[in-house]
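Enquirer: For the record, the sequence lines run as chains A and B.
With the first letter of the first sequence counted as 1, position 284 gets the number 284 in this note's numbering; the numbers rise by one all the way through.
With the first letter of the second sequence counted as 1, position 196 gets the number 196 in this note's numbering; the numbers rise by one all the way through.
Derived by calculation from the structure, the hints in this document are not laboratory data.
Wrong hints could be hidden among the right ones.
Quick list of in silico lysine to any residue cross-link-like pairs, SDA-like style, CA-CA up to 20 Å [unchecked claim]:
no. : chain 1 : residue 1 : chain 2 : residue 2
1   : B       : 207       : A       : 270
2   : A       : 272       : B       : 264
3   : A       : 9         : A       : 126
4   : B       : 269       : A       : 251
5   : B       : 4         : B       : 76
6   : B       : 99        : B       : 64
7   : A       : 272       : B       : 253
8   : B       : 204       : A       : 67
9   : A       : 99        : A       : 67
10  : A       : 246       : A       : 331
11  : B       : 269       : A       : 336
12  : B       : 269       : A       : 229
13  : B       : 4         : B       : 70
14  : B       : 269       : A       : 9
Pulled from the structure, derived: some chain B residues nowhere near chain A, Cβ distances all over 12 Å [as the list claims (entries may be wrong)]:
no. : residue
15  : 35
16  : 105
17  : 120
18  : 132
19  : 137
20  : 155
21  : 313
22  : 315
For glycine and all other residues, C-beta sits at the position ideal for the given N, C-alpha and C.
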Amino acid sequence: MEDNILVVKNLSKEFPIYKGFLRRSNMSVKAVNNVSFEIRRGETLGLVGESGSGKTTLGRLVLRAMEPTAGEIVYNFADEKSVDILKLKKKQLYKIRSKIQMVFQDPYSSLNPRMTVRDIIAETLVANKTMSRSEIDNRVREIADLCKLNLEHLRRFPHAFSGGQRQRIGIARALAVNPEFVVCDESVSALDVSVQAEIINLFKELQVIKDITYLFIAHDLSIVEHISDRIIVMYLGQIVEEADKKTLFENPMHPYTEALMSAIPEPDPLRKMAPIFLEGEIPNPINPPTGCYFHPRCHYATERCKKEMPCRRCFGNHKVACHRAEELHLKQYIKY
Amino acid sequence: MDKKTLLEVKDLSVYFNLREGVLKAVDGVSFNVDKNSTVGIVGESGSGKSVTAQAFMRILPDTAEIKTGEINYYKDPDNPIKIHALPDKSPILSNIRGKEISMIFQEPMSAFSPLHTIGHQMIECLMLHTPMTKQEARERSIEMLAKVGISNPDKRVDQYSFELSGGMRQRAMIAIALSTNPSIVIADEPTTSLDVTIQAQILKLMKDMQQEFNMSIIFITHNLGVIAQMADTIQIMYLGKIMESGTAEEIFYEPRHPYTINLLKAIPKIGSNTGGKLEAIPGQIPGPFDIQKGCKFCTRCPSAIKGLCDQRSPEIKKYSETHSVFCWKCLEQEK
Ligand SMILES: Nc1ncnc2c1ncn2[C@@H]1O[C@H](COP(=O)(O)OP(=O)(O)OP(=O)(O)O)[C@@H](O)[C@H]1O
Ligand SMILES: Nc1ncnc2c1ncn2[C@@H]1O[C@H](COP(=O)(O)OP(=O)(O)OP(=O)(O)O)[C@@H](O)[C@H]1O
Ligand code: SF4
Ligand code: SF4
Ligand SMILES: [Mg+2]
Ligand SMILES: [Mg+2]
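Whenever a hint applies, use it, and build me the whole structure from the sequences.
Expert: Structural data, given as structure tokens:
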């Protein structure tokens, strides 16, 4: 079996911007810009980056919930040869849909208020038409149990549940079809602290029991650090750094990663943060800067950075897109 | 009254009279805000943080009433203003709202009118509350925009809020809030919708401004990291009540209340618990109408004492001049 469950190559997504009364599109936002990465079977890959950097777009693209402008997305499922999902016709795509699932940020708006919890969880199973009613009932009960929902809950409607419970319903729905790969987009961000911990634990437990691979998108670096094996950092549609989490926090090599870490508010009044201030504003993705996209805000930028876009270079398993990666010796965030 | 105290909150209760019944949003809250210091109010959703802040400025919705308690403002130490008792249309109250106490919200968009430029709104506010002329107010506005780190303030002053990015808008709101030189700034989740890098800048800005303008800050958040970075003293709230209060060091290094202890264990800390389980708090926050006797945390508390915690509201236990908790277990341990 392939080690990598997912291999993404040169993936891009441009959104056209319509302007003027002819509504001709001559400009576009490169929300995801020539991105390549792999996800290993059974791991959690964390994805961080500021608002608008393209995290959600990337998450939707790999599920083909959105058509990319260019690129290749190859899955290696446990029982099959590789599939390039961009080459699949609608019908074929439908077949593999149950192997790749998504858990959304907002447990409130993502559940149909007119369906019972049982029907919400069973929805995809019913649509698949491969299981009998009693098989579906058994599966729903099994997954509800794993997600710590009572059988009595299954008859109710989602409005009767708290935020944490609704998120568990959302997770149960995604996992009912036994997916191999799940994208979690800010799936715990809207939850209260005391409930958040429980959902994070649930994600981890289910990963072990069900052998799931996660792409875990979140803006909270403490949560991403806790749950991930490896982390990728995005800036303006590009991946600027990728490493296993310990390497990333002990030895960040991209100036943006360093700045991001320096801004983490530590829950410790005696460890005051010393944030590195990024000059200027987040650049406009419609009209990105020349050279390295980060150069207008980077403290280490040189003339070369203004002209030449850095390629991604590998230092073992640590990948960085910065001209000065090896000479900078950026600030370590923590020693494990 | 202590000379340092600027705002004194005594046994404040705010109730909502709703069709479903009476909702005790704030239920007997007491604390002091000292001059030039930052009080953090931390609590999960629905714990009553925003309603507490609204009471200080008397901007509560019509369905709410201040049921008990006092809010005393010691601008003049010998002659406090009793904010809770001021009539709705009192000129003293409008002076407090516009000048003495100002507020920064989570969503800066809602603080600005889309119909007027940022400058127009700042100038109007300044002319209402200070003797400045229009020209002086405009100059002051530009100066304030520059202070909060907005580039080209003389151009930005004539822009509309929707033309600014989220971080810039939050800066502009801080500029407005500080332009009248208030004694107290209430910041209700001021950075919750911002990226961490921008959040760090705004937090630093607030600290710098506090130094420069000698003001007190009431900082409301659910984020324990942010509060550790900002607050001198902290109030931990749960379902309308204060569970524990102390200096930031007391709360983070010697938490005593089971809720505080649990909360601190529930947040992931970078580098500490790699791969392990987080300690979640069992159960869920009860709904606002699931009124229960005794301690509000007793439905989820691992140390609850049957027959006591679920019957009687816990009394105060003081660990130091600054550190107190409301918990029967803590009181029992003493004996
Ligand atoms: N449907 C769309 N049409 C046009 N532009 C879009 C669309 N969806 C996203 N974008 C743009 O693409 C860029 C990336 O957006 P995306 O939502 O992927 O960012 P994100 O990293 O998920 O941000 P956040 O942290 O705020 O969720 C942004 O500039 C956004 O405005
Ligand atoms: N206008 C209102 N009408 C009715 N109930 C209200 C109103 N405003 C607040 N409440 C209730 O009062 C209680 C306290 O609300 P408050 O907004 O102060 O919580 P909070 O601690 O600020 O929470 P959050 O972190 O979600 O902002 C909640 O139960 C809330 O539902
Ligand atoms: S390439 Fe240059 S501008 Fe870009 S991150 Fe590296 S040093 Fe900074
Ligand atoms: S009073 Fe009782 S229930 Fe409340 S926190 Fe203390 S021990 Fe727990
Ligand atoms: Mg997103
Ligand atoms: Mg609030």
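Enquirer: Next, verify each hint and record whether it holds.
Expert: So, going through the hints one by one against the coordinates:
Proximity of residue 207 of chain B to residue 270 of chain A is assessed by CA-CA distance (about 16 Å); at most 20 Å being required, the pair is judged to hold. Between residue 272 of chain A and residue 264 of chain B the CA atoms are separated by roughly 17 Å; this keeps the pair inside 20 Å, and the hint holds. A hinted pair counts as satisfied when its Cα atoms are at most 20 Å apart, and residue 9 of chain A with residue 126 of chain A does not qualify at roughly 34 Å. Simply put, residue 269 of chain B and residue 251 of chain A have alpha-carbon atoms about 18 Å apart, close enough for the 20 Å limit, and the pair holds.
Taken as a hint, the residue 4 of chain B and residue 76 of chain B pair is honoured in the structure, with Cα atoms around 11 Å apart against an allowance of 20 Å. Using a Cα cut-off of 20 Å, the hinted pair residue 99 of chain B and residue 64 of chain B is violated, with the two alpha carbons roughly 24 Å apart. For the hint linking residue 272 of chain A to residue 253 of chain B, the alpha-carbon distance of about 15 Å falls within 20 Å, and the restraint holds. The straight-line distance between the Cα atoms of residue 204 of chain B and residue 67 of chain A is roughly 42 Å, outside the 20 Å bound, and the hint therefore fails.
For the given pair, residue 99 of chain A sits about 18 Å from residue 67 of chain A by alpha-carbon distance, which is consistent with the 20 Å threshold. Straight-line distance between C-alpha atoms of residue 246 of chain A and residue 331 of chain A comes to about 14 Å, which keeps the hinted pair within the 20 Å bound. Among the hinted pairs, residue 269 of chain B with residue 336 of chain A is consistent with the structure: their alpha-carbon atoms are about 12 Å apart, no more than 20 Å. Straight-line distance between C-alpha atoms of residue 269 of chain B and residue 229 of chain A comes to about 15 Å, which keeps the hinted pair within the 20 Å bound.
With a CA separation close to 18 Å, the supplied pair residue 4 of chain B and residue 70 of chain B stays within the 20 Å bound. Between residue 269 of chain B and residue 9 of chain A, the direct Cα distance comes to roughly 34 Å. Violation of the 20 Å bound is thereby established for this hinted pair. Listed as outside the interface, residue 35 of chain B is consistent with that label: its C-beta sits roughly 20 Å from the nearest C-beta of chain A, beyond the 12 Å cut-off. With a closest Cβ-Cβ approach of about 18 Å to chain A, residue 105 of chain B is found to remain outside the 12 Å limit, as its non-interface label requires.
Listed as a non-interface residue, residue 120 of chain B keeps its Cβ farther than 12 Å from every Cβ of chain A; the least gap is roughly 23 Å. Here residue 132 of chain B stays apart from chain A, with its beta-carbon at least about 31 Å from theirs, past the 12 Å limit. Annotated as non-interface, residue 137 of chain B keeps its C-beta farther than 12 Å from every C-beta of chain A; the closest such distance is 27 Å. Against the 12 Å criterion, residue 155 of chain B stays outside the reach of chain A, whose nearest CB is about 14 Å from its own CB.
Look at residue 313 of chain B: its CB is around 21 Å from the nearest CB on chain A, clear of 12 Å, so calling it non-interface holds up. Every beta carbon of chain A lies more than 12 Å from that of residue 315 of chain B, the smallest distance being close to 24 Å; the non-interface claim holds.
Going down the numbered hints, you'll see the structure goes against 3, 6, 8 and 14, while the others check out.
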